[in-house]
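Engineer: Chain residues, written in single-letter form:
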Amino acid sequence: MKASGTLREYKVVGRLLPSVKNPTPPLYRMRIFAPNHVVAKSRFWYFVSQLRKMKKANGETVYCGLVHEKTPLKVKNFGIWLRYDSRSGTHNMYREYRDLTTSAAVTQCYRDMGARHRARAHSIHIMKVQEIAANKCRRPAIKQFHDSKIKFPLPHKETKHLLLKEITSVFTLCGTIKFLIVEKKPFCF
Amino acid sequence: MVFKRYVEIGRVAYISFGPHAGSLVAIVDVIDQNRALVDGPCTGVKRQSMPFKCMQLTDYVIKVPHSARQKFVRRAWEKAQVTEKWAESNWAKKIEARRKRAQMSDFDRFKVMKAKKMRNKVIKHEVKRLQKEAAKKA
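Residue numbers (UniProt numbering), protein chains in the order written: chain A, 1 to 189; chain B, 1 to 138.
Accuracy of the hints is not assured; some may be wrong.
As the list claims (entries may be wrong) - Straight-line C-alpha distance at most 27 Å; calculated BS3-like pairs for lysine-lysine:
1) B/K93 / A/K160
2) A/K151 / B/K85
3) A/K160 / B/K124
4) B/K46 / B/K79
5) B/K53 / A/K157
6) B/K63 / B/K4
7) A/K143 / B/K53
8) A/K149 / A/K178
9) A/K157 / B/K116
10) B/K94 / B/K71
11) A/K76 / A/K136
12) B/K79 / A/K74
13) A/K74 / B/K63
14) A/K76 / A/K149
15) B/K93 / A/K157
16) B/K111 / B/K132
17) A/K76 / A/K128
18) A/K56 / A/K76
19) B/K116 / B/K100
20) B/K100 / A/K74
21) A/K55 / A/K21
22) A/K151 / B/K116
23) A/K149 / B/K79
24) A/K143 / B/K4
25) A/K74 / B/K46
These aren't lab readings, by the way, just hints derived from the structure by calculation.
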């Protein structure tokens with residue numbers, strides 16, 4: 001999978017196709033984090049084949065729908081259990097993130113794993129995502145924000161982009177075709 | 001104090017770039033090291049997460065508990081009269097002056113030139129007079 005943009009949470013439900021031996025096969029539901037519903041269904045079959053004797057050829061997707069965040073304006077702590085392949089083996093991990101929505105937290109996780117462990121998206125399996133209460137958080141980097149009177153300065157302020165002026169120039173090709181070039185020109189340096 | 005303005009719950013910030021550039025918002029909660037949950041009910045900014053990079057802290061702090069609802073942020077904002085205090089501040093006046101200057105037409109520049117000329121004439125006249133008097137005394 002290529003974890004492009006910000007991932008979206010999908011609820012995918014699938015089952016084996018009904019047969020004479022098995023007229024009503026059980027439904028299996030998964031929470032899949034994917035950039036779009038096509039990849040979501042693909043990942044569903046990838047995981048389900050690993051867990052049950054079910055594959056896309058002899059199964060059907062019953063439902064694949066986007067799950068919207070219930071409280072997108074509330075800051076939450078997310079605990080993410082994952083399994084990933086490193087260069088020399090596969091490991092389990094528990095990581096914590098602070099974000100507004102589950103999908104954003106999972107996206108953060110993918111980016112973080114890529115940065116800290118050079119783990120590519122295809123080698124990461126998100127096993128469980130859960131909203132955690134503040135007192136149950138384990139990571140100090142997340143616990144430091146559990147302060148109702150939090151206060152800190154912003155010591156290093158970058159304001160270079162504010163000084164960049166946008167200049168537009170029009171140049172004509174062959175006397176008729178006009179191109180508009182917009183570039184950012186540094187103000188003084 | 002080394003630092004005068006802190007990121008805290010209720011701090012009013014000026015958004016310097018991005019889609020909401022130029023508006024004031026209140027910091028309602030801190031998400032993590034780079035982002036805050038901000039809300040600008042009286043300035044037309046919807047409640048959202050915003051990176052600290054595009055915020056510039058102002059001197060105003062409103063009294064709200066963390067993650068307060070928009071209704072209470074609005075109430076505290078109006079009680080502290082942030083919009084009025086901001087409009088009177090030098091910072092806001094300078095922004096307004098910069099905006100006006102950028103929007104000047106050629107006629108406006110001509111008017112400014114004439115006004116400056118008149119003003120400088122009066123000043124120079126007075127300075128010359130004082131210099132002559134000082135020279136005479138010496």
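Engineer: Determine for every hint whether it applies to the structure shown.
Structural biologist: Results for each hint:
no.: 1; hint: B/K93 / A/K160; in the structure: holds, 22 Å
no.: 2; hint: A/K151 / B/K85; in the structure: holds, 23 Å
no.: 3; hint: A/K160 / B/K124; in the structure: violated, 39 Å
no.: 4; hint: B/K46 / B/K79; in the structure: holds, 20 Å
no.: 5; hint: B/K53 / A/K157; in the structure: holds, 7 Å
no.: 6; hint: B/K63 / B/K4; in the structure: holds, 18 Å
no.: 7; hint: A/K143 / B/K53; in the structure: holds, 22 Å
no.: 8; hint: A/K149 / A/K178; in the structure: violated, 57 Å
no.: 9; hint: A/K157 / B/K116; in the structure: violated, 36 Å
no.: 10; hint: B/K94 / B/K71; in the structure: violated, 31 Å
no.: 11; hint: A/K76 / A/K136; in the structure: holds, 12 Å
no.: 12; hint: B/K79 / A/K74; in the structure: holds, 24 Å
no.: 13; hint: A/K74 / B/K63; in the structure: holds, 19 Å
no.: 14; hint: A/K76 / A/K149; in the structure: holds, 17 Å
no.: 15; hint: B/K93 / A/K157; in the structure: holds, 22 Å
no.: 16; hint: B/K111 / B/K132; in the structure: violated, 32 Å
no.: 17; hint: A/K76 / A/K128; in the structure: holds, 16 Å
no.: 18; hint: A/K56 / A/K76; in the structure: violated, 35 Å
no.: 19; hint: B/K116 / B/K100; in the structure: holds, 17 Å
no.: 20; hint: B/K100 / A/K74; in the structure: violated, 39 Å
no.: 21; hint: A/K55 / A/K21; in the structure: holds, 17 Å
no.: 22; hint: A/K151 / B/K116; in the structure: violated, 47 Å
no.: 23; hint: A/K149 / B/K79; in the structure: holds, 21 Å
no.: 24; hint: A/K143 / B/K4; in the structure: holds, 25 Å
no.: 25; hint: A/K74 / B/K46; in the structure: holds, 14 Å
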